[in-house]
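**Q** Next come the chains, spelled out residue by residue.
Protein chains: 2
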Amino acid sequence: MPYQHDVSRCMASVIGDVGLKQGELDAALGEAEAALSEIRQMYAGNTLPLLHLPEKRDDLAACATAAELLTRGASDVVLFGTGGSSLGGQALAQLAGYQVPGPRPRTGPLSAHKIHFFDNLDGETLDLALRRFDPKTTRFVSISKSGGTPETLVQTIAVIEALKQAGLDWNMRQHLVILSSPGNASDNAMRRLAEMHNLVVLDHDPDIGGRFSALSNVGMLPSMMLGLDPGALRSGAADVLQPILDGADAATVAPAVGAAVIHALTERHGLTTSIMMPYSDRLRLFSNWYQQLWAESLGKKGRGTQPVAAAGPVDQHSQMQLFLGGPPDKLLNIIMLQTAGSGPQIPESYRTDPLIGYLAGRTIGDLTDCQQRATAETYARNGRPVRTLTIDTLDETTMGALLMHFMLETIITGLMMKIDPFDQPAVEESKVLTREYLATM
Amino acid sequence: MPYQHDVSRCMASVIGDVGLKQGELDAALGEAEAALSEIRQMYAGNTLPLLHLPEKRDDLAACATAAELLTRGASDVVLFGTGGSSLGGQALAQLAGYQVPGPRPRTGPLSAHKIHFFDNLDGETLDLALRRFDPKTTRFVSISKSGGTPETLVQTIAVIEALKQAGLDWNMRQHLVILSSPGNASDNAMRRLAEMHNLVVLDHDPDIGGRFSALSNVGMLPSMMLGLDPGALRSGAADVLQPILDGADAATVAPAVGAAVIHALTERHGLTTSIMMPYSDRLRLFSNWYQQLWAESLGKKGRGTQPVAAAGPVDQHSQMQLFLGGPPDKLLNIIMLQTAGSGPQIPESYRTDPLIGYLAGRTIGDLTDCQQRATAETYARNGRPVRTLTIDTLDETTMGALLMHFMLETIITGLMMKIDPFDQPAVEESKVLTREYLATM
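Each protein sequence line maps, in turn, to chains U and A. Per our numbering, the first sequence starts with residue 1, numbered consecutively. Per our numbering, the second sequence starts with residue 1, numbered consecutively.
Errors might be hidden in some of the hints.
Heads up, the list lumps identical chains together, so a pair's fine if it works in one copy or across two of them.
Taking lysine-lysine pairs in the DSBU-like style, the calculated list, with each CA pair at most 30 Å apart, reads [stated by the list, open to error]:
no.	residue 1	residue 2
1	136	418
2	56	136
3	431	418
4	136	114
5	431	56
6	301	21
7	136	431
8	136	301
9	114	431
10	301	56
11	301	431
12	136	164
13	418	301
14	21	418
15	164	418
If you're looking for bench data, these hints aren't it; they were derived computationally from the structure. Please read these numbers as outputs of a predicted model, since none were measured by experiment.
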């Protein structure tokens, strides 16, 4: 497996009363077993295309063509799309350096064009951006499964107007690509715009919701524009899925074990919160992706735990006081990297310094390695449940594995809760009200 | 006041059982009254310097000198500092465009030099960055109140080594500025480094903790490097503080009303979570700042509510399903902007389009205005408490007011909870363990 999964510090035998008794975990694993059967049926019946993405390759040629069209001569590539239609791509792009502090590299795909995710709608942001981008060298991608997401729709129309203004109507096709469900222009607004302006449209699988789309073309297109290997991403995902398809026991399937632990902690020990805390700048947006995935999939029928995005070590100086000192109702999920020995080194010359000496000869990776282990251990010593996922190297394979792990864990948890992890019924009401307000402005 | 504060949709008379009865609010306001007295005593006794920052101006000359030294001929300015030592500066920098999607402007302070916050320690990030920055034109600021924060210390030492490597020892003073508590080099590691390399040091007020430092020189230095007006920031803060100093009733003091509402909801209605959801790209890092402030100040003695950073409208497609459909234990704090009429406009030509027509003639600001109002109203209609802060224009004055509002609300809530909002006792244990692990590596 691309990672080691350790839930031992979620057990009462290690952390005391807040933890799970073995019988509680076993019972939950029994329920998880049933969920794994359901997943195998979905795979066999082809009712959940997400499960076939790890083996899928035939969509990548169209992605490659679109990526080539978009990046040829480009200075900037802007991705529109909101919520799940953006966060998977952002998490993947960060693997290639997006939103990691520091300058962009001077060579490689990241040096050629800059990628921007406009995942939020803000009139001032878009207005300024459209005036500052060079329209000749800027490309846009609009992602909306339904084709009717108002935020993405108005962003796309604003871009079309800006391109017209710049006299680029004749070449709209090179500037704007659409990613939306199959359908025709009479019931999909994005496809209507595409038809009007002769745009390339990539098909969004209608049965893969935004928050489960990181491994579909929604995530692969930005990945390929940044030089990531889509095959490795999907094969990392396959490593996590395969044991389930092979009929492995729930107790040996990491996402099932994770789901069983969190479900039992929630049902029997008052868990309210699940904290995602990777110790890597390249996984900070992964935390945001997880937050959306978990919240929108499982927050239903008056139930669901609050996911919290965190990062280590910075949150040791931020939310950790609450995590350790507040109510003992939070599961801490730490993603650990093998960082010992890496990064800049503190010179030996500080060895005799009474304040700095303890760092002499150590690398920054030594320090963060000790910090991640100390955080996990301290949390457990304070009688609070902590689960770790440890990866050797953060690359496409391990990223694909992490994405699939948490999508499966979310689905299994939803099935154990007897809710539908794939819908989002509560958000309709405010959409209707927004249209009422708009009509009466 | 620079904002309108509305808690009416936290009341049982509007939202039903989860809301507060008038008697509950009145009782909590009585407790808040006592907290306001304490705050007035702290002001009079000069025991909480935060309360004197709004009127303070005599520290700005030193900030201006340092800002000038750092930005002269600079391409990049990097700020080291973790947790509260960074998030206030980040929130302020975002007011000037930092981390707002889109290209940087071609004119003005933001065009001259690029600002970077390295708030997390990551050996790979720092290693790559130090190789990619042009050492001749890159400047660094290291912020650590104690001078001993290991993350900031190792980042600073790595920079000193990189500058030596680049042959810039002779001019270290122009490249690196320290911000740390007064003291001498024998008990403050940052000051020792400053002494060794003849660096400029700005004094960090030892009685202003990192999470309360946004309006001190910690926040003013980056603000001034980005062309923001520090006087306006502080005068906006003064607008919020002054009624308290003038002895106004708690019921008329917005931060006291906010604290009373959240304290009573927590104590009597099972509130576990406080969501910060501004409808502006320029306030997304403000949400992160709030999350740290609230968590570290109030998560103590087994109590404290979980702060959650969100943003509108994007979280309507993300966490909103959980907020509306999950347990009714979350207060939604919406910061609304007057956006109607602003931003790009959808052409009238779409008027007859059956899918897009409802947007014709509307601006993006019209849509986000309707969305923020619909989100608040939907939340209330679903029997969940929502509080709004509405500002006309987001600028230095309103930003200063928002920062002071939430610092005061946090302090008042802490005093009502009878905990110390200024300490962070729980995070010591893992620091000790980290040093043990480091010693035995």
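**Q** Hint by hint, note whether the structure agrees.
**A** We went through each hint and held it up to the structure:
no.: 1; hint: 136 <-> 418; result: neither (51 Å within a copy, 60 Å between copies)
no.: 2; hint: 56 <-> 136; result: neither (35 Å within a copy, 49 Å between copies)
no.: 3; hint: 431 <-> 418; result: within (26 Å within a copy, 42 Å between copies)
no.: 4; hint: 136 <-> 114; result: both (14 Å within a copy, 24 Å between copies)
no.: 5; hint: 431 <-> 56; result: neither (35 Å within a copy, 46 Å between copies)
no.: 6; hint: 301 <-> 21; result: both (27 Å within a copy, 26 Å between copies)
no.: 7; hint: 136 <-> 431; result: neither (35 Å within a copy, 52 Å between copies)
no.: 8; hint: 136 <-> 301; result: neither (49 Å within a copy, 58 Å between copies)
no.: 9; hint: 114 <-> 431; result: neither (33 Å within a copy, 38 Å between copies)
no.: 10; hint: 301 <-> 56; result: neither (34 Å within a copy, 51 Å between copies)
no.: 11; hint: 301 <-> 431; result: within (19 Å within a copy, 41 Å between copies)
no.: 12; hint: 136 <-> 164; result: within (11 Å within a copy, 42 Å between copies)
no.: 13; hint: 418 <-> 301; result: within (10 Å within a copy, 35 Å between copies)
no.: 14; hint: 21 <-> 418; result: within (23 Å within a copy, 35 Å between copies)
no.: 15; hint: 164 <-> 418; result: neither (50 Å within a copy, 61 Å between copies)
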